[in-house]
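Here our numbering runs 28 ahead of the position in the sequence shown, where the first position is 1.
Just to be clear, a hint being listed does not mean it is correct.
Cβ-Cβ distance ranges computed for the label pairs, FRET-style [unchecked claim]:
no.	residue 1	residue 2	range
1	Asp183	Ala50	30 to 40 Å
2	Ala57	Gln110	21 to 31 Å
3	Arg151	Glu42	44 to 54 Å
4	Ala38	Pro180	46 to 56 Å
5	Gly69	Ala34	46 to 56 Å
6	Ala65	Gln110	15 to 25 Å
7	Asp188	Tyr142	28 to 38 Å
8	Tyr143	Ala206	32 to 42 Å
9	His160	Asp88	19 to 29 Å
10	Ala34	Arg71	50 to 60 Å
11	Ala153	Ala108	16 to 26 Å
12	Glu42	Glu196	16 to 26 Å
13	Asp204	Arg151	31 to 41 Å
When the alpha-carbon atoms are kept at most 20 Å apart in a straight line, the in silico DMTMM-like pairs for lysine to aspartate or glutamate are as follows [to be verified]:
no.	residue 1	residue 2
14	Lys201	Glu42
15	Lys201	Glu53
16	Lys201	Glu44
17	Lys201	Glu212
These aren't lab readings, by the way, just hints derived from the structure by calculation.
For clarity, every value in this text was computed on a predicted model and none was experimentally measured.
All C-beta atoms, glycine included, are put in the ideal place defined by N, C-alpha and C.
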Amino acid sequence: MKDGTAEDYALLAELEKPFIAATGERVLAELARHGEATLEGYRITRLEHGLQAATRAERDGADLDWIVGALLHDIGDGLAPQNHDRFSAEVIRPFVRWDVAWVVEHHGIFQMLYYGHHYGWDRNARDRFRDHPCFDACATFCERWDQSSFDPDYDSLPLDHFVPMVREVFARKAYDPAVIREGEVTALTA
29 MKDGTAEDYA LLAELEKPFI AATGERVLAE LARHGEATLE GYRITRLEHG LQAATRAERD
89 GADLDWIVGA LLHDIGDGLA PQNHDRFSAE VIRPFVRWDV AWVVEHHGIF QMLYYGHHYG
149 WDRNARDRFR DHPCFDACAT FCERWDQSSF DPDYDSLPLD HFVPMVREVF ARKAYDPAVI
209 REGEVTALTA
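All chains should be modelled from the sequences, with the hints used to inform the complete structure.
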């Protein structure tokens, strides 16, 4: 790499444009793969879990970033089950608001409130973030959209409904300060 010229890197940047532009399609393909098998120990697939969370978000009046964040909050589960929350956040971080990425990144520790004690873990581990500006948003995200989205009888919207939303988000300029708005916390619902 150190021997590359400015012309070499200009060529690479040009050649990478189609690949970068197809990020949303690769994310959608990964999400579709989450529908191939039931989530271990549950009566739904990983895809259905994401669809339920996104449907709940939309029905609550959430905006585009929150809906896509809810849909993709577990996108990293297949490759990184032990840190899927951070993995998932890194997938969406360049394209969504700062607070949405923060919530997705931390939802795993916040979810421990519901089950951590059954494993001998600190169910209140999330309290170390009590003073963080996104604490309430993450607690609400987990309560309303994540922990409740394992219901085999829930009437969730189909993936096709969310495809245009995912494409719109991933078509944004990566790390656009007008989108990211670091430090700004938005309401989960209208």
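Taking the hints in turn, this is what the structure says about them:
1. Asp183 - Ala50: 30 to 40 Å: Roughly 32 Å apart at Cβ, these two residues keep to the hinted range, so it holds.
2. Ala57 - Gln110: 21 to 31 Å: The hint (21 to 31 Å, Cβ to Cβ) holds, given that Ala57 and Gln110 are roughly 23 Å apart.
3. Arg151 - Glu42: 44 to 54 Å: At 51 Å between Cβs, range holds.
4. Ala38 - Pro180: 46 to 56 Å: Since Ala38 and Pro180 have Cβ atoms about 52 Å apart, the given range 46 to 56 Å holds.
5. Gly69 - Ala34: 46 to 56 Å: Taking Cβ atoms as reference, Gly69 and Ala34 lie about 53 Å apart, which means the hint holds.
6. Ala65 - Gln110: 15 to 25 Å: holds (19 Å)
7. Asp188 - Tyr142: 28 to 38 Å: At roughly 31 Å between Cβ atoms, Tyr142 and Asp188 fall inside 28 to 38 Å, so the hint holds.
8. Tyr143 - Ala206: 32 to 42 Å: Given about 38 Å between the Cβ atoms, the range holds.
9. His160 - Asp88: 19 to 29 Å: holds (22 Å)
10. Ala34 - Arg71: 50 to 60 Å: holds (56 Å)
11. Ala153 - Ala108: 16 to 26 Å: holds (19 Å)
12. Glu42 - Glu196: 16 to 26 Å: Cβ of Glu42 to Cβ of Glu196: about 24 Å, so the range 16 to 26 Å holds.
13. Asp204 - Arg151: 31 to 41 Å: The hint (31 to 41 Å, Cβ to Cβ) holds, given that Asp204 and Arg151 are roughly 37 Å apart.
14. Lys201 - Glu42: holds (15 Å)
15. Lys201 - Glu53: Holds, because 16 Å separates the two Cα atoms, which is no more than 20 Å.
16. Lys201 - Glu44: Within the cut-off at roughly 14 Å; holds.
17. Lys201 - Glu212: holds (19 Å)
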